[in-house]
Amino acid sequence: MVLTKEQQAILNGEKGETLAKVMKTLVMYGDAFEAEKLVPITSKYNHLVTSFGLKVMSPVYDLMQQLLDAGVCSGQKFSVDPRPLDKNVPANLLQNLVFNKFMYTKQAFYEGQLEQLGLMDKNAFSCTCYMDEVGNKPGKGDVLSWAESSAVVYANSVLGARCNRNSGIIDIMGSIVGYVPYFGLLTDEGRKATWVVRVKTTKKPEAQLLGSAIGMKVMEDVPYVVGLDQWIGNELNDDACAYLKDFGAATASNGAVGLYHIANLTPEAVEQGESLVAEGAKEYVIDDAELERVQKSYPVIWKNPDASPKLCFVGCPHLSLAQLKEWTVNIEQALRQNGKKKVTVPTVLTAAPAVLEAFEKTEYAARLKATGVIASYICPLMYMNNPLCKKMPVITSSNKLRTYTSARYYTDAEILKAITGGKKA
Amino acid sequence: MKQFQGRVVTPGEVTAEAVVTTAGFNTLASLQMALQFGDKEVKCGDQSNKELYGKPLLGKALCLPQTIGSTTGGLVLYCACAMEKNPACLLFANHIDSLAAAGAVLADVWVEGVSMPVVDSLGDEFLSYVKDGMKITVKEGGVVEVE
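The listed protein sequences derive, respectively, from chains A and B. Following this note's numbering, the numbering of the first sequence begins with 1 at its first residue and continues without gaps. Following this note's numbering, the numbering of the second sequence begins with 1 at its first residue and continues without gaps.
One chain only, chain B, in its complex shape (with noise of 0.2 Å):
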């Protein structure tokens, strides 16, 4: 086991699956058509993505340097998020970007109920370290659990 600190964006704790993707995560590219067709698993549909393309994001730990693409990233974000179908964090090497602050902040503020901890600043070592299956634990303060 090794722990990780970095810096909270939106708080919350939560135990999930590690998925992983060293390449930038384009939000649009990989939930837009799972959101859309109501893929219960929500599998990324980002072709360029060889590491996620076709694997399931949802009640994931999506670790991630930061996310890429269309300016609708964050609103995509934020639907997932009112819908259900979103990871169970964001864990960021990277600082965040604006498009995925945007969506963790609008569904923080606007959905009701709603808990996705977002951390960011982990640093190139987490991702490094964090394989698919692992399992996360986000703790309080930004610690960040991986085993």
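Looking at chain A on its own, in the form it has when it is part of the complex (with noise of 0.2 Å):
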């Protein structure tokens, strides 16, 4: 890699052992993707992945004290993944004494850190921080250095930007020193799409067994979508936004995709349309016996597949405005038509507090705690994270969600169903 003489002085420890060894990270980094250079990062914000005082991310929390010591910070304010708790969330006395005691009794004092790196502000916590009401949200061709999975997908598909998927850790490093390594999703090669998916499905597909169905079968690569504008139209309007949310997610957990073009939707597809495609690019069908398949093929780890469930989560990632109120109109319809008035599955939709903050001030909120459901801020998957939760039937719509815990997926209408007293999920 060639380093400019700021890059190379750097490297060189001439300020200081913790940046050269920062450097050295991003160098070696860069090295192992074959990257000539390193580049400016050119968005306002940075968006980290680890939110959680985790006490078994000890070291992580080491390395950033490492950084504090040093005088190191970050040259950029960022917006940070959800936080793993929230009192509100419905929780035993062992699951609060678990997740208290024993499991985020790093939470407060790793907050504290990210205060003194360079946090936003105290509430910038959501994996969703490219809402409006967040307000991390980079332009058309910004260079990030973000990580978190959703995100990253999210702000390359929709938005345009430049990011690779970076690890936790990898994420700050590069805007301590202002520059990322140059390859892969950062190059006009990178995002060339390696697969043609075609979406040949009689209905508007579900967004995330659609996301899962190509992020298993495209893994890391790049897919170009066509057909699907058919269902979520040819403007990138807040319904098409929150579908789009959802679907990459899918695709980023189930595979590894770090972006995706939707023809005729998202803005280079609309650009380049199928220049985008690369030679020998391989082809995928997805029809409704597809979905199917895939759905079907999900394992259920529940003791007693059986079971009740016991809690349902909604909004993995984190749900938009209009989603919110979405799922309360489609709430109170569907537990009217049961006969019912509060939902008969505790229920949890999650959003950014920035966004929970809009909704509050909506006549939604005072009607959507009338059903019974819970709204919150906290981050499902580190609720789900521990043996207590693997135990406890949990049903979700989120394959994000599904894939790294016990929580068992069904579809938004199924999930609606099983919360309103509709049909046993």
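Hints are supplied without guarantee of correctness; some may be wrong.
[Stated by the list, open to error] Each computed EDC-like pair below joins lysine to aspartate or glutamate, with the alpha-carbon atoms no more than 20 Å apart: (1) Lys192/A <-> Asp142/A; (2) Lys390/A <-> Asp39/B; (3) Lys296/A <-> Asp39/B.
Just so you know, these hints were derived from the structure itself, not from any lab. Every value quoted in this text rests on a predicted model; they were computed, and no experiment measured them.
Make one complex out of these two single chains by using the hints.
Right under this line is the structure:
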């Protein structure tokens, strides 16, 4: 890798040993991909994936402390993934004990570290930092040092920013020195599609199911999706962006997709069309039968597969304001149809703190509360990642949550029936 | 015995027993519960990976196409190394992905005394040849012997 004089000086230790190690990390990381240079980060804010003060992650906090002790901090302010705990989310005595006294004992300490390192504000905790209410929304062509797979794939695909699927810790190291290695999704070549996915379903495909199918098929490659615009339109409006948020999260977690193009919809596909498709690209056709096959392939690891659900999470990744309103209306309608007043399964809808704040100012907040549903800023994934929750029959419409935990996946429509007494999930 | 030539991502030599996944290795889903709750064998916790689910990973030669999933993957791998709960080596059939590379580099730069050789680009034939329980020897220069 060819470094500028300034970069070489940092690597040589002229600005201290710790900064030299940060630079060495980025150079070695770039070398693994034959990166020829480091390029400047151009986004206003960074986004970090590590939001949780898990005792087991002590090596991370030790490293962060090394940075702080050396007087090194992020050159950009940053947002970070959701908090792992919210006292409003149902948890029994034992779970609370495990969460607070065993698992997340480093939470307050770590949040203190984040504030010192450059956290945007005390509530900048969400995986959907790009929501208008949160305010970390990069522009087209911006070079980022983000982590969080669902945010990276959204920034690349929907916003047209340029970011590799960086890991936690690498994310902040980029914004400490202000550069990232130039490879992969930062390059024009790396943004070419090596798969053409043809959507031939007879109805609008479930976002998180379609994303799952594509992620598992293409893994880390870039798909160019044809035929989806007939279902979600040609305009990046609130509905389309929410759909793509959920779709992208599933491609990234069920596979390793960092960028997708949707014909006639996403910015680069609109500008460049099929010239984005690389020579020799493979093809994957998705019809109703394929989506059904994919959904049936998910393993059920509940001890009793016929157990009644004890909890439902919707909002991984976090919901948009429009999605919160839509769920409110749909739950009310379904409850009325089923002759119920409250949801029959404890249900948590999750969104960014700033989005929840905006939601609270609408009439929908009281209406949602009246159905018995809880609105929370929690990270459902972090809530679920322990042996106690593993034994709980939890249902979700998040394919990301299904992938990382024992939660069982259902489509939004199936979830709606299950939580409103319409049908046992 | 068969020999494969790959590319060194982080150096080192080691001999260990193979555990093999032909599907992408989801680092967070595979390791987090084991690390968090002190599983001494570091058994794979990824329910979606039918080849690895429940199998011990500590000290094994993990043979895989690439890693997938959450971008916490690299830091989870880094923590595993810092806690000495890591596989003996990572052997990739494909080019290494950005998350695994981050984990390997972070461990190499920031953890004293860690040794987890990482070799990539071993090819599809490597992954179809190697089976669970085979003896793997990682040598200098990206040479991997399987017997």
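Notebook entry, point to check: Which hint numbers doesn't this structure obey?
Noted result: The structure breaks only hint 3.
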